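J.: Chain by chain, the residues run as shown.
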Amino acid sequence: MMELVFERTNGLTEKPTHYCPGCTHGIIHRLVGEVLEEMDIIEDTVGVASVGCSVLAYDYFNCDMTQAAHGRAPAVATGIKRVLPKDRIVFTYQGDGDLASIGMAEIVHAAARGENITVIFVNNAIYGMTGGQMAPTSLVGQKTATSPFGRDIALQGSPIRVSELLATLDGASYIERVSTHDVASIIKAKKAIRKAFETQKNGLGFSMVEVLSTCPTNWGIDPKESLDWVKEKMIPEYPLGVYKDVKGGK
Amino acid sequence: MEPRVVFNEELCKGCSLCISACPKNIIYLADRLNSKGYRPATVTEQDKCISCAACGRICPDAVITVYRPKKK
Numbered sequence: 001m002m003e004l005v006f007e008r009t010n011g012l013t014e015k016p017t018h019y020c021p022g023c024t025h026g027i028i029h030r031l032v033g034e035v036l037e038e039m040d041i042i043e044d045t046v047g048v049a050s051v052g053c054s055v056l057a058y059d060y061f062n063c064d065m066t067q068a069a070h071g072r073a074p075a076v077a078t079g080i081k082r083v084l085p086k087d088r089i090v091f092t093y094q095g096d097g098d099l100a101s102i103g104m105a106e107i108v109h110a111a112a113r114g115e116n117i118t119v120i121f122v123n124n125a126i127y128g129m130t131g132g133q134m135a136p137t138s139l140v141g142q143k144t145a146t147s148p149f150g151r152d153i154a155l156q157g158s159p160i161r162v163s164e165l166l167a168t169l170d171g172a173s174y175i176e177r178v179s180t181h182d183v184a185s186i187i188k189a190k191k192a193i194r195k196a197f198e199t200q201k202n203g204l205g206f207s208m209v210e211v212l213s214t215c216p217t218n219w220g221i222d223p224k225e226s227l228d229w230v231k232e233k234m235i236p237e238y239p240l241g242v243y244k245d246v247k248g249g250k
Numbered sequence: 001m002e003p004r005v006v007f008n009e010e011l012c013k014g015c016s017l018c019i020s021a022c023p024k025n026i027i028y029l030a031d032r033l034n035s036k037g038y039r040p041a042t043v044t045e046q047d048k049c050i051s052c053a054a055c056g057r058i059c060p061d062a063v064i065t066v067y068r069p070k071k072k
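From first to last, the protein sequence lines stand for chains A and B.
Counted from 1, the first sequence has number 218 at position 218 by the working numbering; the numbering is strictly sequential.
Counted from 1, the second sequence has number 12 at position 12 by the working numbering; the numbering is strictly sequential.
No wet-lab data here; the hints were simulated from the structure.
A couple of the hints might just be wrong.
[As the list claims (entries may be wrong)] The calculated lysine-lysine pairs, modelled on BS3-like cross-linking and capped at a C-alpha distance of 25 angstroms, are:
no. : chain 1 : residue 1 : chain 2 : residue 2
1   : A       : K188      : B       : K71
2   : B       : K48       : A       : K224
3   : A       : K224      : B       : K24
[What the hints assert, rightly or not] For each label pair, taking beta carbons as the anchor points, the in silico distance ranges come out as:
no. : chain 1 : residue 1 : chain 2 : residue 2 : range
4   : A       : K201      : B       : I50       : 33 to 43 angstroms
5   : B       : D47       : A       : T146      : 46 to 56 angstroms
6   : B       : E10       : A       : D222      : 44 to 54 angstroms
7   : B       : S35       : A       : L56       : 45 to 55 angstroms
8   : B       : P69       : A       : N10       : 41 to 51 angstroms
9   : B       : P69       : A       : I235      : 30 to 40 angstroms
10  : A       : M104      : B       : K70       : 33 to 43 angstroms
11  : A       : K233      : B       : P23       : 22 to 32 angstroms
12  : B       : D47       : A       : I187      : 18 to 28 angstroms
13  : A       : A69       : B       : D31       : 43 to 53 angstroms
14  : A       : M129      : B       : S35       : 23 to 33 angstroms
Owing to the predicted nature of the structure, the values given are computational and were not obtained by experimental measurement.
C-beta atoms are modelled at their ideal positions from N, C-alpha and C, and glycine is treated no differently.
Looking at chain A on its own, in the form it has when it is part of the complex (with noise of 0.2 angstroms):
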């Protein structure tokens, strides 16, 4: 006889993803699928989409989803939290370019004001769905569509690190930055996507996991060279770790 170990979460619907082989968008969509089963608030929970390569995630995620406009789900994720019942769980998921850029004035304001929500946010230091133009994360050096000589601090300035800045307003309870580039570190990513999602059921406030994520296309690699660009080039950049965790006392 045998038993179970692992198997498709229910948090997912059965629709097959979009997302190009070996984007590590679909490990991520899986981990918060698995949160939302394991915590039992796949009813409960309203996720809203960003634009993006991820604008597509209503379709994926199997509980109720909205779409935002680029950059604004902090704002319609307060709404919409602000309006439901307080039980009700509501995240959003984007992406650098949609958070980053067009969005950071949304981010920044949902954190300081302590909005009780959760922010998945996937970090791959480019834009994706649009061919790979150069995002605010995108590393120093590093060749875009944009960016053809390599990111020039000069012209172009230095990555924005997302966990780092919000971990500084008053209102973000719970800010962790979390990598897929192996399975080691894909469990320690549902680890913090649970704690995120547990800090708002306990109505403790803002909380945001930064996940590092690949783009084998845009990058111009394959799936597993991209994991190791994420090993040995992002998080030299981008440090993995807790930023903020007002319960644990940091």
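Once you have looked at the hints, place chain B on chain A.
T.: Using the frame of chain A, we list chain B on its own:
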């Protein structure tokens, strides 16, 4: 024997991340195509699988189900 690792081949995009994560190196891309035109990941040597589920946890498309023999 009953399989320990099962692939929903229609969802697989052949990205091969499971191949890189498998500690026993038993996953490979099959010599057939699914309806999207990808070569799906598969396992023949089921008896060598240790049911660690590393493949399932790294799969971006939730393709994989993992079982282990029930302890008596």
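J.: Does the beta carbon distance between A69 (chain A) and D31 (chain B) stay inside 43 to 53 angstroms, or does it fall outside?
T.: With Cβ atoms ~46 angstroms apart, the hint holds.
J.: A range of 22 to 32 angstroms was offered for this pair. Does it hold for the Cβ distance of K233 (chain A) and P23 (chain B)?
T.: 25 angstroms, holds
J.: Would the pair K224 (chain A) and K24 (chain B) pass a check requiring their Cα atoms to be no farther apart than 25 angstroms?
T.: Holds - the C-alpha atoms of K24 (chain B) and K224 (chain A) are around 17 angstroms apart, at most 25 angstroms.
J.: With a cut-off of 25 angstroms on the C-alpha distance, tell me whether K188 (chain A) and K71 (chain B) pass.
T.: With a Cα-Cα distance of about 28 angstroms, the restraint between K188 (chain A) and K71 (chain B) is violated, given a limit of 25 angstroms.
J.: Are K48 (chain B) and K224 (chain A) close enough, with their CA atoms no more than 25 angstroms apart?
T.: 23 angstroms, holds
J.: Measuring from beta carbon to beta carbon, are E10 (chain B) and D222 (chain A) in 44 to 54 angstroms?
T.: 22 angstroms, violated
J.: For the hint 33 to 43 angstroms, verify it against the beta carbon of M104 (chain A) and that of K70 (chain B).
T.: 52 angstroms, violated
J.: Taking the beta carbons of K201 (chain A) and I50 (chain B), is their distance inside 33 to 43 angstroms?
T.: 35 angstroms, holds
J.: Lying within 18 to 28 angstroms: is that true of the beta-carbon distance D47 (chain B) to I187 (chain A)?
T.: This hint holds: roughly 26 angstroms between Cβ atoms.
J.: Is the gap between the beta carbons of D47 (chain B) and T146 (chain A) within 46 to 56 angstroms?
T.: 52 angstroms, holds
J.: Mind checking the hinted window 23 to 33 angstroms against the Cβ distance between M129 (chain A) and S35 (chain B)?
T.: 24 angstroms, holds
J.: Should the hint that P69 (chain B) and I235 (chain A) are 30 to 40 angstroms apart at their CB atoms be regarded as holding?
T.: The hinted range 30 to 40 angstroms holds for P69 (chain B) and I235 (chain A), with Cβ atoms some 38 angstroms apart.
Checked against the numbered hints above, the structure breaks hints 1, 6, 7, 8, 10 and satisfies the rest.
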